Structure formats: C-alpha cells, structure tokens
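From first to last, the protein sequence lines stand for chains G and Z.
When we follow full-length UniProt numbering, the leftmost residue of the first sequence carries the number 1, and every step to the right adds one.
When we follow full-length UniProt numbering, the leftmost residue of the second sequence carries the number 1, and every step to the right adds one.
Because the hints were derived from the structure by calculation, they are not lab data.
Quick caveat: nothing in here was measured; it's all calculated off a predicted structure.
Be a bit skeptical, because a hint or two may be false.
A pair holds if it fits inside one copy or across any two, identical chains being indistinguishable in the list.
Stated by the list, open to error - Straight line, CA to CA, 30 Å or less: simulated DSBU-like cross-link-like pairs of lysine-lysine:
(1) 110 x 179
(2) 312 x 156
(3) 312 x 283
(4) 234 x 207
(5) 297 x 312
(6) 268 x 156
(7) 80 x 110
(8) 234 x 80
(9) 110 x 297
(10) 234 x 179
(11) 297 x 158
Number of protein chains: 2
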Amino acid sequence: MVRGRISRLSVRDVRFPTSLGGHGSDAMVSAGYMGARACGPSYSGDWSREGSGAPGDSSHPKCSVGFVGQAGGKGNSPHKCFREEQMLAQGYPAYTTSCAWLGYSDDTLKQVGATALQQGWLRADLLVKNLFLQMMDANQRWDVPEAVEWMSKLAKFKPLWIEEPTSPDDILGHATISKALVPLGIGVATGEQCHNRVIFKQLLQAKALQFLQIDSCRLGSINENLSVLLMAKKFEIPVCPHAGGVGLCELVQHLIIFDYISVSASLKNRMCEYVDHLHEHFKYPVMIQRASYMPPKDAGYSTEMKEESVRKHQYPDGEVWNKLLAAQEN
Amino acid sequence: MVRGRISRLSVRDVRFPTSLGGHGSDAMVSAGYMGARACGPSYSGDWSREGSGAPGDSSHPKCSVGFVGQAGGKGNSPHKCFREEQMLAQGYPAYTTSCAWLGYSDDTLKQVGATALQQGWLRADLLVKNLFLQMMDANQRWDVPEAVEWMSKLAKFKPLWIEEPTSPDDILGHATISKALVPLGIGVATGEQCHNRVIFKQLLQAKALQFLQIDSCRLGSINENLSVLLMAKKFEIPVCPHAGGVGLCELVQHLIIFDYISVSASLKNRMCEYVDHLHEHFKYPVMIQRASYMPPKDAGYSTEMKEESVRKHQYPDGEVWNKLLAAQEN
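Isolated chain G, as found in the complex (with noise of 0.2 Å):
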C-alpha cells in the first residue's frame, strides 16, 4: 500500500461559456476544479493528479440521438483478458448528445447531425443491421402523471428510453412511469442527479429504471460508483454513463470500460454518453474512433486540465471571463 500526506489543496473555480453558443440545454458549465499535491515515501509529488467535480455541470441535453448495436454476441464472453483486449481494439460504445441542443435552430441541428455522421457516428455493425436509436430527456420537467401522458403521445416515435422524466429523487414516481411505459416499448433512463448508492438501491428495488446512468462526479468518489455498478450487475440492468460537462466524458470512460471488463461482462443495451465539447483544456482527453471510447493509456482518471485552460477560464478573474463582464457592462 503507498502511503503519503496530502500536504497542499487548491480549489479553483473555471467556468465555461458555453451558453452562448446555445451548447446545452442549461445555463453554462462550469466544475470546481481541485489539485492535490502529495508527498510521502514513495510519492513526493507535483501537482500531477487532480481530482475534478463538476457540481455546477448543468449541460443538458433535451434529446439526444445515438448509434449502438451489440458487439457481434461477444460482449458475453467470460474471459475478462478477451474483454480487455476487445476494448483495446474496438472501444466501448458511444452514442453522442451534442446533436440536439435544444439551443439550437432547426438550420444548426441538420448541420451538426450531418457533421457528426461525417465523424463516424456510424458503427461498422450498426451499418449493417441499419439501426438507429432515438433518445428523449425531459430533465425532470414533469410530474408522474405527465410524464406518463407525454411519453404515451411520443410512443410513436419509437424512443428507446425517457431520461429524467420526473424529479431524480422521486423513485416511486419513477417506478409508476415504468410501469406505463414499458409495454409501450419505452424504457426510462435516470441516475446523472442521483447522490448516493441508497437511491440507486431503491431504484433498482422498484424497477424504476431500465437504464442506468451514473456520473462520475455527482457520486461522491469512484467507490460509490462501483457499490452502483456491482447493484445494476446484480438487477440486471445495463448502465449507461451520464457524460458531457466538464470533464465528464474522461472519467467516466474509466468506469464504464472497468464494468464491462469486470463486472457486467456485457454490451447489450449498453452505451456511454459522449458530448463533443472542452476536451482541448484536458491534458488527458478522451479518444473516440468509430463511435467508441478508446480506452485510456496514460495513468490516472484522466482529470487533470492544461494550466492555461483553468487560468483562462477561472471566475471572475480568467482572461475569457474578464473581456466576457467587460462587455456585459459596455
């Protein structure tokens, strides 16, 4: 076990002002960005490893739409070292929201689909069987009754599943929409507000979810995701990652490719969020081929941002903030 002190914290607050090109459905979004500097026997150390939250990450999408299929019936193989060498090589699934602001106009929306078909947002296998999925978020706008109303309109659609349909706190409402919206061939998806492993517990109880999306920051450390993972194993329902935000997208690939090689030994149903904003300030950014996460090399969680991006983008003192509240003022 390495042991060592913890001898210095800073804690910065960096903003980005990503509302005012309509990115997100929210307000812009911002992360409380902490560096540790260790020292100990066997680590004296520079600010090398960061740990990051986002607990202002309010990037939302409104709808979201994503490629995925199941990885040729291989995802069920019970060698962990194949399902290691197979995310080396092909990546785990992504489906991505930054399609579908609902900022955007109907001009921008066809532009950046078209773009993001370019990007490759076409698995090879997906190709073939020509699947496309369509995913709807209510961001917590409705209550029980509503959401349950609403989804019965947009049954004809064919959404693979509502996101947040109610308040994230709410299980047994959760639980109510489930039940009316399954038969309809709509699952619900919920889990990037849920604060602790107590409520994913219940949720999973109650078969309130078919989906289950985890954040890497609003649980509180990455052993509280893994109690989550090891509860979703046991419930047999797949997680699909919340991502997007500051810095999300880089943790949670490391979450979700642990799942996958170590706990739910499975891909089918099962895909990770990925938003194609702000990986220029990470010194560790996430790599995506062929609508995949490529699993990440370097050491660490891939936390740490670029020292010029965090100065640039601090609040209110940053360069991007000062010119940004200077011509709020003009």
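With the hints as your guide, set chain Z onto chain G.
Then chain Z, alone, in the frame of chain G:
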C-alpha cells in the same frame, strides 16, 4: 405586497464547542449564519431580520425521554381562533432530549434527568395519566435487517418510536422496517435529514413512517416545510419536528404552532423536540412553560443571534476559538 431589494449579505461561520461537555452525540454544533440588509419603499432596514441555517448541525440524541399526552380532546376542535387561544394559553407540547446524550456518564444521566423533572418536564394532564414515553434514536447506523432485529429485541421497553433506523434516503428500507415494527407497537420516526418534499412524499406514500420529523433548516425554505405539513395532513401522519442544534428550536416552533392552528388541528401523538442548549445566544429565545413551547410574540422568525455571541463564536478567529485552539497547541 412589500417590495424591496436585498442590498447586503453577510455570511459567518459560527461554532459552539458543545462536544467538550458531551452535549449531543456527535461533534460540535455549528451554523452558517447569514444576515441580510434590505431596503425598499416600506422598509429601509437595519440587520434586524436575520436568517440562519444549520448545515453543519450535528447534534443527535441517541435516546430521548419525553412526557406527553393528548390535550384533553380539545385538539380536534375545528375552530382556528380557539386553537390560537389554546396555544397562547397552554403552548405546544414538547419533549426534551437534553437528558440522554450518549457522551454522558450514568451519574450525569441521573442528574440531568432529575433536573429535567424539577424544571417541570411533566405536564399536568400527564401526571394524572402517569404517562411516560420513551423514544430511541439510531442515528442512521443500522441497515434494514439490523434495525428490525435490534428493535424486535428492544420492544420489551415499549419505545414509542425508533428514530432514523437506517439511511434517511432509504424510503423502501423505512417501509420494510415500519411493516415489521408497527405490529410490535413501535413507530418509525424520520425526517431531520430529508432534503426535500419529494422524499417526504414517498415516505408517506410507502407508509414508511408513523412520525414525521421536519427540520426548520434542512428543508430549503419555509415554503418547502409547509408543503410537507400539508402532505402529512393528507396522509394523517403526525408531525413531530426535529430541533436542537443552533436555533432550530427557535425556528421550528413557528412551523409546528402554525401546523396545529391551520393544518393538522390536532395534538394527538404530536410533540415538538426541545433541547436546552444555546438559547442564550438568541435575541428572541424560545419560551418553555410546563414542558410546552409558548408562542413567540415578537415579529419575525426568531432567528437573530446576539451580535456578541456571533463575534465570540466565529470560527476560527472568535474569542472562544482563539482560546480553545491556542490551548490545543500548547
């Protein structure tokens, strides 16, 4: 409607070293204390209406002893003005948790118990009925089967309730515990850590509690508390507020007296927690007479602290902490 503008806010970190005397089963009692200066056509204010929250409040009794009874059947009167007069004359029934902290020795327990009796913690109607109630508090320590197992063994002591038997977020767990314990004559009490009305809605829907314990500072705003009072009325579950900490008694008395006069119209199975600590730091402290909260007669929410108390107990630079921290270093 009064219109105005908040022109200044002050937020201060106030802590009381109650743990030094073993008062409370957890660590010291702390509060974020916020003052607001308002100005407007009808109010050009001083700091005379302050609001406080107690996010760091961590005073939990492990075992509570109280004396309480029905108010002679009068509590069910349909007349609001009668209930108002009744409150002004008799006050709202309270129970005390000052005499059973975990940190106290057996001798101290006997002494504080005797003092409580001397202070009048026997209501007249109770003396006649010779009613003695005992409540137990698990402070969320158990998992669900543990709670059932322990309380089944403790049933012989006839506790009125078991408080927070498991995680406060575990609605389905509380429902399981309730189902097992109600036949043994033990109710489940919870709520002091419930963060919004959605959690309370589900606790009520799932028949997960027999006593509902709102907290004046845990829920965000008076309005959120009022929504819970209304739901409790609908489900016919008595509200027995949590109090103690820094100023919780001062705040919650307003809510529970309002509940009696305008919502529940009943005192049956109802009482409000009282802890005899820290009231001397408040400008408008609670007034307890014959083990009852007497309605506050000053305007406002009774939240304002004495400036001298705040100054002395500010962490880490107040006089009290200066001395304590210096002593710790020596």
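Outcome of the hint check:
Taking the shortest Cα distances, residue 110 and residue 179 never come within 30 Å of each other, neither inside one copy (34 Å) nor across copies (55 Å). Taking identical chains as interchangeable, the C-alpha atoms of residue 312 and residue 156 are never at most 30 Å apart, the minima being 47 Å within one chain and 66 Å between chains. In this assembly of identical chains, the alpha carbons of residue 312 and residue 283 lie at most 30 Å apart only when taken from the same copy (15 Å versus 47 Å across copies). Proximity of residue 234 to residue 207 under the C-alpha cut-off of 30 Å is found in both arrangements, the shortest distances being 13 Å within a copy and 27 Å between copies.
Proximity of residue 297 to residue 312 under the C-alpha cut-off of 30 Å is restricted to the intra-copy arrangement: shortest distance 28 Å within a copy versus 54 Å between copies. When the C-alpha separation of residue 268 and residue 156 is checked against a cutoff of 30 Å, the pair qualifies only within one copy, where the shortest distance is 24 Å, while the shortest distance between copies is 52 Å. For a Cα distance limit of 30 Å, the shortest separation of residue 80 from residue 110 qualifies neither inside one copy, at 41 Å, nor across copies, at 62 Å. Taking the closest pair of Cα atoms, residue 234 and residue 80 come within 30 Å of each other only inside a single copy of the chain (18 Å); across copies the shortest separation is 54 Å, beyond that limit.
Proximity of residue 110 to residue 297 under the C-alpha cut-off of 30 Å is found in neither arrangement, the shortest distances being 35 Å within a copy and 64 Å between copies. In the homo-oligomer, the alpha carbons of residue 234 and residue 179 lie at most 30 Å apart both inside one protomer (20 Å) and across protomers (25 Å), since each shortest distance falls under that limit. With identical chains, the CA atoms of residue 297 and residue 158 are never at most 30 Å apart, being 38 Å at best within one copy and 61 Å at best between copies.
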